[in-house]
Structure formats: C-alpha cells, structure tokens
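Starting from the given sequences, assemble the full structure and let the hints guide the process.
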Amino acid sequence: MDPDEDGYLPPLETSASTEPEMDPAISAFIQTLNHAQRIAVTTPANVLQILAPAGSGKTRTLTARVAHLLSPPLNLPPNTVIVATFTVKAAREMKERIISLIGEERARGLILGTFHSIARRWLCIYGELIGVPKGFGIADSGDSEAIVKRCLKRIKGGAEGKVDAGQVRSKISNYKARGGLSAEVRMREGNEFAEVFDAYEESLKVQGLLDYDDLLTRCVQLLREYPETGQRIRAVLVDEFQDTNMVQWELVRLFSETSKRVTIVGDPDQSIYGFRAAEIGNLARMKNWFKECQVVCLEENYRSAGAILGAAEEVITQDKQRPEKPLVPTHGFGVRPVLRKLPMAQIEGQWIVGEIKRVVALSAGRITLDDVAVLVRSASLTRTIESALGRAGMAYRMVGGSRFFDRVEVKLVLDYLRVVYNPNSSDSLARIIGTPPRRVGELTIRSMIEEAESKGKTLWVYIKEGLYGGFKSCTTKIMKPAEEGLSKMVGILIGARKFLEEDVVDPATPEPMISDIISYLLRKLEIEQYLKTKYPQDHETRWANISELIAQSLEFQSSWSPEFLEYDEESAADDHLPHIRLTNCLADFLATIALTSERTEDAVEGAQPRVTLSTIHASKGLEWPIIFIPAVYSGSIPHSRSDDTDEERRLLYVAMTRAQALLYLSYPTNNTFGSESKLSPFLSEGGVQKHFCKCGPSLPRREVAQLLHILGRDVPSQKEINQATAALESVEDDTYPLDPDVQEEDKPRKKRIYTDDDDHDDYADLDDIAARPKPRGLPGGFGGFGGFTTPTTIMTSMTTTTMAAFQTASVHMATYHGRAEADLTKRPKFTHPKTSRFGDTILEPKDSKPVKAPTKVDKAQPPVTAFFAKPTQPVPPAPPAPKKEEEKKDVATTKTPVKPGMKTPERPKFVMLSSSPAVPPPTLPVDENGGGAGVAKKRRLGVGGKFVGWGEKRKL
280 MDPDEDGYLP PLETSASTEP EMDPAISAFI QTLNHAQRIA VTTPANVLQI
330 LAPAGSGKTR TLTARVAHLL SPPLNLPPNT VIVATFTVKA AREMKERIIS
380 LIGEERARGL ILGTFHSIAR RWLCIYGELI GVPKGFGIAD SGDSEAIVKR
430 CLKRIKGGAE GKVDAGQVRS KISNYKARGG LSAEVRMREG NEFAEVFDAY
480 EESLKVQGLL DYDDLLTRCV QLLREYPETG QRIRAVLVDE FQDTNMVQWE
530 LVRLFSETSK RVTIVGDPDQ SIYGFRAAEI GNLARMKNWF KECQVVCLEE
580 NYRSAGAILG AAEEVITQDK QRPEKPLVPT HGFGVRPVLR KLPMAQIEGQ
630 WIVGEIKRVV ALSAGRITLD DVAVLVRSAS LTRTIESALG RAGMAYRMVG
680 GSRFFDRVEV KLVLDYLRVV YNPNSSDSLA RIIGTPPRRV GELTIRSMIE
730 EAESKGKTLW VYIKEGLYGG FKSCTTKIMK PAEEGLSKMV GILIGARKFL
780 EEDVVDPATP EPMISDIISY LLRKLEIEQY LKTKYPQDHE TRWANISELI
830 AQSLEFQSSW SPEFLEYDEE SAADDHLPHI RLTNCLADFL ATIALTSERT
880 EDAVEGAQPR VTLSTIHASK GLEWPIIFIP AVYSGSIPHS RSDDTDEERR
930 LLYVAMTRAQ ALLYLSYPTN NTFGSESKLS PFLSEGGVQK HFCKCGPSLP
980 RREVAQLLHI LGRDVPSQKE INQATAALES VEDDTYPLDP DVQEEDKPRK
1030 KRIYTDDDDH DDYADLDDIA ARPKPRGLPG GFGGFGGFTT PTTIMTSMTT
1080 TTMAAFQTAS VHMATYHGRA EADLTKRPKF THPKTSRFGD TILEPKDSKP
1130 VKAPTKVDKA QPPVTAFFAK PTQPVPPAPP APKKEEEKKD VATTKTPVKP
1180 GMKTPERPKF VMLSSSPAVP PPTLPVDENG GGAGVAKKRR LGVGGKFVGW
1230 GEKRKL
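If you're matching positions, the sequence shown starts at 280 in my numbering and goes up one per residue.
The set of hints was computed from the structure by calculation and includes no laboratory data.
Keep in mind the model is a prediction, meaning the values are calculated, not measured.
Note that the Cβ used here is the ideal one computed from N, Cα and C, for glycine as well.
Accuracy of the hints is not assured; some may be wrong.
As the list claims (entries may be wrong) - Think about it this way: if two alpha-carbon atoms lie no more than 30 Å apart in a straight line, the pair counts; the simulated DSBU-like pairs of lysine-lysine are:
1) Lys-751 to Lys-690
2) Lys-759 to Lys-736
3) Lys-604 to Lys-566
4) Lys-734 to Lys-767
5) Lys-690 to Lys-759
6) Lys-690 to Lys-777
7) Lys-432 to Lys-803
To be verified - Pairwise CB distance ranges (calculated):
8) Gly-414 to Ala-563: 34 to 42 Å
9) Val-769 to Gly-410: 54 to 62 Å
10) Lys-435 to Gly-414: 27 to 35 Å
11) Ala-563 to Pro-605: 27 to 35 Å
12) Glu-463 to Thr-366: 28 to 36 Å
And the structure:
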C-alpha cells in the first residue's frame, strides 16, 4: 500500500468483502465497544483525534486501535508502529492488553514506550549521524545540577554561591522543552545566562552525556537533518496528547512525515501540567497541520455517578475557550456531592475521619478504607488530615510523597526540638550536626560517637568538654572550621534551652510557647535560606511544611492540660511555673508525634485497609469509590502562586472526576494559619452550588444500595447495617454546624433506628440511646464497626472528639498499649476548661442528677459519660404525683438567659416515639416531681425541617 501524490495513504476499504478478513478475536472484541469507541477503532481516517473525557475508556479504545492496525486487513508490521505514552506503567499496561488481543508473536517488535525511551532507541541506532557518540550516557538530575554548579563557578568566579544552581538547571530544561535558546531569549536573559547555558551544553558533549531534554531535542535534530531515518514508520499513536510539549509534538509530526497516519487520544479538560511546559495548544496545531484530521468524541462515562458528573461538568464549562464535548453517565444519578463548610482546618480533618467511619459503618463494611482517597492541591495540606487519621487509628498511604512527619525538613526541626528537650539524646544530636552544613563530615561524627561511648559520655558532654579544651585531649581530629561550626551549634542549642530553664518574671510577659522555640531555631539556623539552597525546586513547599508544624504545635499547646498527665505531688506543686509547663508540654508533644507515627506504621505492616492521601497531580489516571477534596478555598485552588486560572479549574475537574460513587468537597472558614478563607471562585460562581448538598448524605439503605450498585458489590441486609452502626455516636453528619458563622440552636443529635421496613426510619434522642445496652461489633476491622468495641476504643473516640489537636502522650500510650478495665472505670483527674479553643466561655458542668442504672450493664463497656460523671447514687423513692395545676405549670417551660458563672438550666428532654410496632417505645423514667411517665401533648413531628406526621411530645 503506497502513498498517493499528496503523501497520504489510501483509506481502508469498508466494503463487505473486507469483513471476513478481519481477525475473529479483534472482531469479537470490537463488538463489546460502544458506538463511539467502535468508530474510533475502525475508522479508515488516517489522522484521528479521539477526545476522551475522564472514565470514558480511552486506554481500552487506544489499545483496540493498535490491535486493529496490526491485524488484517491492514496488517501493519509491528516494527513500523510507534505507540508513545508518558509513563512506564502506562506502556506496560498497554502492551499487556495488546498481547491479550493479538498474541505475543504478532505484537513482537512493536515500538511502544515513553517519548524518552523511543527517542533514545533512535539515537542509539542513528545518533552518530549528528555527532552523538555510539555509547552515550544519560545525565540524571543530580549530574546535571553538579555540571551547572561547576559552570557557574568557572564563569562567576567566587560569586557562584549567590546563584541557585537548581533554579538555573530548571530554567535550562524549560528552554530546551520549548525548542532551545533562541536569539530573542539570549537577549532577554542576558549574556551571563547564555554563557552558562553554552558551557553546560559543552560540558555534556565533552563527557559524552545527554540529559533528559537532550534525548528529545537531539532526536528532533536527527529527523530533521536525516528524514530517511523515520521513513519506515507507518503509524504513530500517542496517549495523553494534551500533556505533550512543543518538542514532543515536533517528534510526532516528523515521525509521521511519510505515512501521514496519526492517532492521538487526549482530553483538553485534563491538561494540568503547564508547569512542565505542556502545551494544550498542540491539539489545535495538529488539526492545522493535518487538514484531513477527524475528531471522535467518546461520550459515555463508565466511572462516576450522574450527580458527580453533573457537578464536575458545571465547573469545567466555566472555561468558555474549551471545545464542547458531551458527557453521558452510564450509571444512575446516585447521591449528590457534598460541599461542606467547617470552622477551621483542624476540624476539617476530624470531619473527614468522621464521615469515613460513618460511610464504612452504613455500608456494613462493603466500603473499606482502601476505597477512600483524599486529594489535595498541595502536599502541605495533608498535615491536619494525617493527624486526624492517626488519632482515629486509621492506616493511610501516601501517593507521590511521604507522610508529614517523615518529610526531611519536618524531621530536622523535630530532631532539634528533641535535643533542646534532652541534649543527651546522642542519636538526635548526631543527625543535626551536619545540617545545616558545619564542615563536619560523617566519618568525623561517627568517630566522635565512638570515642564518647568509650569514655562513658554522651555526645553532648563530649562536644562541650572538647570545645572548652580545644579538643586537645580527644583522639578524633577536629579541624578549626569544624570546631567553629560545633561551637555555634552548641550556642544556639543553649539559647533555645533557656526557654525551658528560665521562668517568666514579668507577669505581663506572655507565657513561652513551643512555637517560640521553633521560631528561635529557624532564625538562628537560617533554615529558610538552607532550604532555598538545598532544595531550590520545592523549597517553598518544604518551608510551608515547617509552617504547618508550627501551627500544629500551637494547636496542641492550646488544648494541652497538665491534668491529663500523671505527676507526683512534688511535680504538681511546680505546675504553675511557665517554664515547667512548657517543658512538660514539649515532652508530651514529641512523645505524641512519636507514638502517632509508630501506630500508623504498625497498621501498615498488618496489611490493613488504608486511606489514600495524594496530590491531585499524582492522582491523574486513577479512581476511587469515595473522594474527599479538602481546602477548596481561594489561595489553595486556584493556588496563590498560579498564573493560569484555567489550568487550576481543570485541576479541580480532574480531582472531582476521580470519584466513582461519593464525592466530598470541604473548606474551613479559617485555614491552618488562622487566616480567614473564602470559597474557591470555581464553586461560588454561576449555578455550581445547586449540584451540592451542604452536609453529608443520610445514606439510608436504599441510597447505600445505589452506591454499591455503581461499584458492583452486594448490598448488606438491614440487620448487618444495624450491627455495624451500633457503635456510631450518630448516623447523620450533625457533629459540626452547617454554617460556623451562624449560632445554631442546641438540638439533640439523632440516631436512626432501622426497622424491617427499609423505607421507614425512626429517630430517638441520643440521651435515651446512651442508656441502652450496646451490642459488640463484629471482628475483622477497626473498633466501632468491624472490630470489638472495647473501653480502649471508647476512650480513643472520646479523645478524638474532644481534643483540638491529637491525643496527649499519656492518653495515647494508654490507648496504644492497652489499659486495665479497672483503671478505665475510675474517674480521671480533669479540670474543666474555662474557655473553648474557639474562645467561647464554657460553663462549669452541673452536678449529675441521680439516675436509674440500666438493668444489665456490660462491665467491659462503660458509657462515655462514665469517664467524667460523678458516681451514681441510689434512686430515691418517687414522690407523690403532682396536682393538675402543677402539671400545667411544669409543661410551660421558658428559656432562661445564661450568663458566665451561672449553672446551665436543665432543658426538658424529648423522645419521638416510633409509630412502627417493630420498635417498642423506650421506657420513660419517673421524673423528679413524681409525674410517672411524664405529661404527653400532641405535636407535629419533623425530620430535617420536613413534616412527617403527628405524635406525642413527652417531657421526661
């Protein structure tokens, strides 16, 4: 089959005579595709754009297209077909699918891989034509930066330290991805940068190296100067075409110069890599270059529920420049997405954990932690979520990053804090000696540790004594620059320890905080400048992580109380001293972090289900049943440093379309730094908010069935749901107010009671439910739902819902290592705080009224109130029944204004009686006036503001 006069291959014949020649396996597979996919696979068009939105089966379609080209009737030889991807994983997956369709023999020789690997293959064969040595090497990022440093030193002399080599390397790579350093760019950047650029290129050439960008640019040079090297290529297929840069587009064009047969798959709505020089305009360039280009849109979405797609499409259609593409859900409408407003970032993390627990319980374990992902715009936003997950005992994994406390810059600050608290911690001291650099090498540090141990001293004592004596009596040789560095380090640490050793004399002076110690260390050590020099490409993110650690210390200290710790009487007498309190709080802070990290690691080792934490960029191409997108406020998304608002909008669209069944978006009114935040304009403009609910869905069994149908999983029985939700405090998303800016009336939280009728939900007051015996959960998961509900679990739940940060060390250790049941039944020392973490006045708790104990109590499961309530007393005999006049007076209750210092007036408690015979009404206790079962009065019953019928209102 030869090209025509214009260079185009003739289109494939579509007559009936060619049908029998098609491979039966391919033909059978094509019949499983939908209409748009079949057109994209079998079209005779030589130049084809397949626009494939999220979840539309693009990989399946592209794979079938490759198999179709390699099979009859066209039968292209595999070594003449190029399939380019962006990741090794995608290339491997596509190759496996192609082999499963046409067999390994027919697929052998197919040129399939990333752009860089394909370019390297061509340069290995033909590179000598343009001066590339036969056995050229590849310079990785570290090699490239080292070469740039040497070039800077040679050109700038002694001033090279003032220039960030990493930033210069990034700038060189950016210009290479856009085609090189043109004369216009040389004039704009100046002669100095041009000299460094040329010196860098010359150094690579002398060493026989090519960097990653050179692999592409030199291959383009090869195809331009020697086009015959690419003439054997009969077809080029590209995945994720919207992420290609200018050099990659040029490669596609040059490889297809002879055959004029190109198939690309892409979605302009998912172009999110502009910072890597990706050009969304390449789609338009392709259509302009190939005039016969045809476009096929894959319209059907196989991933997400209709409600999720509707909300995502409302967001992306705000971009008026995008091409119109229909998107049809194949699943039902499902459950509406959630847009939740919360008071602060710490509560946002706690709310996410609460919703995960609620959904897992309401699905009776059909949905697990593996089905949940939390996607963030920036990695630093995961801190509050990691903290909340750690408190709840939920294991998690990081995609494209490390856990917060495992990050290098965070561990560095924590090691300095450990040495400030305990200078004799030799391991922590050894880790910080060389950071920032002090001219002390690893061998010297190891020698000092060995000599100190041989003399029975700690490393701290060894260094201090050595500094006083000039290290003359030491066998380890310490040079003068190293001695000066150690002396400066010791001075900084002694200065930091003064926060723990000196009391505040002036009462007007604010009490010292952990954040004061961290700020002092950061300033004296010049950590910010160190991060800029050491990590030029992401120093801002690393500095933001340290800022998050400071915020966490403030959060922890604001909720910390020495009453939670067990001191002896002598220690307790000194608790009023600020520096003693700071020392104890710092110790508790460091211990809590250590235990939180240890608990998470144990959970991972046990192969438990894990929540996924990921940046949005790293989540592209993946999917989960449930997605949480926190911090959807202006400054986070769109990011404060981003210049491309449209790309930020596409980023939010990509995150939303990762969800299959449930989608949660949330934002705090105050971020982690206490600053007021504003909802992202992508969600506040137009009619976007009509697609969202303001709180988490109720998820009765019929809605759970819809979610599980989308996921292809079986639906639990009502009995299983009842057992799984028994340990939940509430089955509704009612822990936090819908609008933190509006003072809401204190309403009793409701717990749904399911009957045999799936469509009928009864509600009861939680105070009444708390008095009922709670059944144990089923083994196999974490406590509360799928695990045994133990006193330790209750204590963990109690601490999680009452602490602003995470558990203090003593509570965490008691939870982690287990505690005797007899200890849990005792009332711990507890001083009621005068103010909440929001600054509101908290009234003193009123003494408990004598209540009638349940007839049967599980001693292994004391109710949560038993930890703080006074010991119960015997119930006194009921007084005579009141007269009718007293009854009327008793029913009419009035609201008494509450002032600071006053005892909280008792509120009458009501219970909504079930109209279903399957659920017997609860037994009403005798009231304090001897009124028997109380006074009944007809009233309207409502749920969520909706009228559901008439019932009886009883005052207990």
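Cross-check of the supplied hints:
no.: 1; hint: Lys-751 to Lys-690; in the structure: violated, 33 Å
no.: 2; hint: Lys-759 to Lys-736; in the structure: holds, 23 Å
no.: 3; hint: Lys-604 to Lys-566; in the structure: holds, 17 Å
no.: 4; hint: Lys-734 to Lys-767; in the structure: holds, 24 Å
no.: 5; hint: Lys-690 to Lys-759; in the structure: holds, 29 Å
no.: 6; hint: Lys-690 to Lys-777; in the structure: holds, 22 Å
no.: 7; hint: Lys-432 to Lys-803; in the structure: holds, 28 Å
no.: 8; hint: Gly-414 to Ala-563: 34 to 42 Å; in the structure: holds, 40 Å
no.: 9; hint: Val-769 to Gly-410: 54 to 62 Å; in the structure: holds, 56 Å
no.: 10; hint: Lys-435 to Gly-414: 27 to 35 Å; in the structure: holds, 33 Å
no.: 11; hint: Ala-563 to Pro-605: 27 to 35 Å; in the structure: violated, 20 Å
no.: 12; hint: Glu-463 to Thr-366: 28 to 36 Å; in the structure: holds, 34 Å
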